[in-house]
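K.L.:
Letter by letter, the chains look like this.
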Amino acid sequence: MNALAAYIRLVDRFNRRVGRFAMYLIFAMMGVLLWSSISKYAGSPALWTLEMAQFIMVGYYVLGGPYSVQMGDHVRMDLLYSGWSPRRKAAIDTVTVLFLMFYLCVLLYGGISSTTYALEFGERAHSVWRPYMWPVKLIATTGVLLMLLQALAELFRDILFLRGISVDHPHEAGL
Amino acid sequence: MSYELIALFMFASMMALLLTGQRVFGVIGAVAVLAALPLWGTGGVEIAFAQSIKLMKWYPLLTLPMFIFMGYMLSESRIADDLYRMFHVWFGPVPGGLAIGTIGLMVVISAMNGLSVAGMAIGATIALPELLRRGYDKQMITGVVQGGSSLGILIPPSVVLVLYGMIARQPVSQLWLAGALPGLLMAGLFVAYIAVRCYLQPHLGPALSREERAEITWGERIRLLRAGILPFMIFFLMNGLFLMGVTSLVESSAVGAVSAMAAAIIKGRLTRKVLENTVRKTLGISCMFMWIILAALCFGAVFDGLGAVRAIEGFFLDRLGLDRWQILILMQLSFLLMGTFLDDTAMLVIVAPLYVPLVKALEFDLVWYGVLYTITCQIAYMTPPFGYNLFLMRAMAPPEIKLRDIYLSVIPFVAVMVLTLLIVMMFPQLALWLPAQFRGTLQG
Chain A
3 MNALAAYIRL
13 VDRFNRRVGR
23 FAMYLIFAMM
33 GVLLWSSISK
43 YAGSPALWTL
53 EMAQFIMVGY
63 YVLGGPYSVQ
73 MGDHVRMDLL
83 YSGWSPRRKA
93 AIDTVTVLFL
103 MFYLCVLLYG
113 GISSTTYALE
123 FGERAHSVWR
133 PYMWPVKLIA
143 TTGVLLMLLQ
153 ALAELFRDIL
163 FLRGISVDHP
173 HEAGL
Chain B
8 MSYELIALFM
18 FASMMALLLT
28 GQRVFGVIGA
38 VAVLAALPLW
48 GTGGVEIAFA
58 QSIKLMKWYP
68 LLTLPMFIFM
78 GYMLSESRIA
88 DDLYRMFHVW
98 FGPVPGGLAI
108 GTIGLMVVIS
118 AMNGLSVAGM
128 AIGATIALPE
138 LLRRGYDKQM
148 ITGVVQGGSS
158 LGILIPPSVV
168 LVLYGMIARQ
178 PVSQLWLAGA
188 LPGLLMAGLF
198 VAYIAVRCYL
208 QPHLGPALSR
218 EERAEITWGE
228 RIRLLRAGIL
238 PFMIFFLMNG
248 LFLMGVTSLV
258 ESSAVGAVSA
268 MAAAIIKGRL
278 TRKVLENTVR
288 KTLGISCMFM
298 WIILAALCFG
308 AVFDGLGAVR
318 AIEGFFLDRL
328 GLDRWQILIL
338 MQLSFLLMGT
348 FLDDTAMLVI
358 VAPLYVPLVK
368 ALEFDLVWYG
378 VLYTITCQIA
388 YMTPPFGYNL
398 FLMRAMAPPE
408 IKLRDIYLSV
418 IPFVAVMVLT
428 LLIVMMFPQL
438 ALWLPAQFRG
448 TLQG
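Going line by line, the protein sequences match chains A and B.
The numbering used here puts the first sequence at residues 3 to 177.
The numbering used here puts the second sequence at residues 8 to 451.
For the record, the hints were derived by calculation from the structure and aren't laboratory data.
Glycine included, every Cβ here is placed at the ideal spot set by N, Cα and C.
One should not assume that every hint holds.
What the hints assert, rightly or not - So, partial list: chain A residues that the calculated Cβ filter (under 8 Å) puts toward chain B:
hint: 1; residue: L6
hint: 2; residue: I28
hint: 3; residue: M32
hint: 4; residue: L35
hint: 5; residue: A48
hint: 6; residue: L49
hint: 7; residue: A55
hint: 8; residue: L102
hint: 9; residue: G112
hint: 10; residue: G113
hint: 11; residue: E125
hint: 12; residue: H128
hint: 13; residue: L140
hint: 14; residue: I141
Unchecked claim - Far from chain B by the CB rule (all over 10 Å, computed), these chain A residues:
hint: 15; residue: W50
hint: 16; residue: G66
hint: 17; residue: V97
hint: 18; residue: Y134
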């Protein structure tokens, strides 16, 4: 039991840090897009801005994903769910979260194969700037892995809760 | 397996899993990859991740986090408070005037933001308590805030139309322009409804008393007009530069986000707490949207690849043997029905890909249909038991407004929305005239 709790705390803390970093990437996106319009106005439009902003956006939502799970921002259809007791919610979540994890595993598998391909063949985007594709794929794959670790942490949290031990999310614990 | 059976299997398992209350993106993604694995052989495994690249390359999606940021910046920093006071003073003397002023406020907020959440937050926390204090009927004003804030997704900029543009492969700028006139028409009809109702039943919306009006000098009225300057600047920097062809679509969304932040700084409202809340909530909502879109793209690709879309077309066109208008009306009705039961974001990205090919096959204008689709979404947002706006309202409204009030309050406003929907269906030029004036001159 202690091992499960330790795992949850470790993953929570790590993903929270990653998410807090990703959260501020919105300003990087803003900066890049502003630079795009300024450089165009100044007569020498930058070629890299749009793709750069897109890469940042991928980092933003993939790396921020686990933190948003911690904060409970992902909508659920709560017609029945909202009426259940916390125990019942936890019990049903322990089963249904396996579907979520299955989806993430398939995503991870595809991510690894796509990233290896990009690394092996030096894949580039079909654009004027022609950036390498492996960095963004690596970031996306890492984010999916972190999401999977977070989903596992949610599963462990529910199991512990059903046994009478509650491990709060970091923001609930007042961090 | 036949196409019909595949379609039925995917939908039935999705609905069943959604009912367990698991996170929507996980449910959609799981059903998609489960259907892809056995039916598609080994290539099906890559399809889920391939969608993340597709999502990245669809460039108007960059506007999504920008507009979410802008909406939270406007509501968290409360820079719209002064704006409310302006409408309040100028419209106060007429019966129902404050409610009419609230609609005006909502139109201005809608023109600066692409979701209904900012209008809802401002309406529920500033306008509602004030209107209650003035003895306005609580059911009417709850409806005013809900109906008014839903204009956020119809009046440009609109996040819903960005998502629709991705599905229907239509330029977002055309869609936004198409939404402008129907949005103003709907706002006008709201105002007409309030004015007539309060003229007939003055106790629902008492006018400001004579003494109170005397207290407000003309000097103050003029001074309050200055509250409109900042929103106008934001509006101009964002939409004006875009319409003049200076900035592209995504650039202008960034300009909008930065100018909203600048406005908060000028007003001295950008505290640490406001910044923290804005940035954190923006991340949460953006992640929620993006992960659902990622899963829904996968669902759509599998559904399409297995030929299940043809099943739906075949059902409407061959089995039922209806003419194109009957099919269109049937589609809108089924959309409304599903909208009341399905989660709204999921509905947006799941149902639209099924219907858009059909609309195209029937040779309707896809830009025009985008407007019909958005109005239907607005209605779905407000109809119980599932409605994004209903939930937000329940979370934000003052305690004396009960769930019953919230549910009852939407009835007349939904009726006005249905009326607008019918008008736009009968007169497509309402939506299509404005975009035709700008065709080919805009970037994105």
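K.L.:
Hints first: check each against the structure and report whether it holds.
P.N.:
These are the hints, each one checked on the structure:
1. L6: Interface hint status for L6/A: violated (21 Å vs cutoff 8 Å).
2. I28: holds, 6 Å
3. M32: Hint holds; M32/A Cβ to chain B Cβ min 5 Å, cut 8 Å.
4. L35: This interface hint holds because 4 Å falls under the 8 Å limit.
5. A48: Status violated, d = 11 Å.
6. L49: violated, 14 Å
7. A55: With a closest approach of 6 Å, the A55/A hint holds.
8. L102: holds, 3 Å
9. G112: At about 3 Å, which falls below the 8 Å cut-off, the nearest Cβ of chain B leaves the hint on G112/A intact, so it holds.
10. G113: It holds, given that the least Cβ distance between G113/A and chain B is near 5 Å, below 8 Å.
11. E125: The hint is violated - E125/A has no Cβ within 8 Å of chain B, the shortest such distance being about 11 Å.
12. H128: Interface hint status for H128/A: violated (10 Å vs cutoff 8 Å).
13. L140: violated, 12 Å
14. I141: violated, 10 Å
15. W50: holds, 14 Å
16. G66: G66/A is in fact no farther than 10 Å from some Cβ atom of chain B, at 5 Å.
17. V97: At about 8 Å from chain B, V97/A fails to clear the 10 Å cut-off, so the statement is violated.
18. Y134: Holds, because the least Cβ-Cβ distance between Y134/A and chain B comes to about 14 Å, which exceeds 10 Å.
When held up to the earlier numbered hints, the structure conflicts with 1, 5, 6, 11, 12, 13, 14, 16, 17 and fits the remainder.
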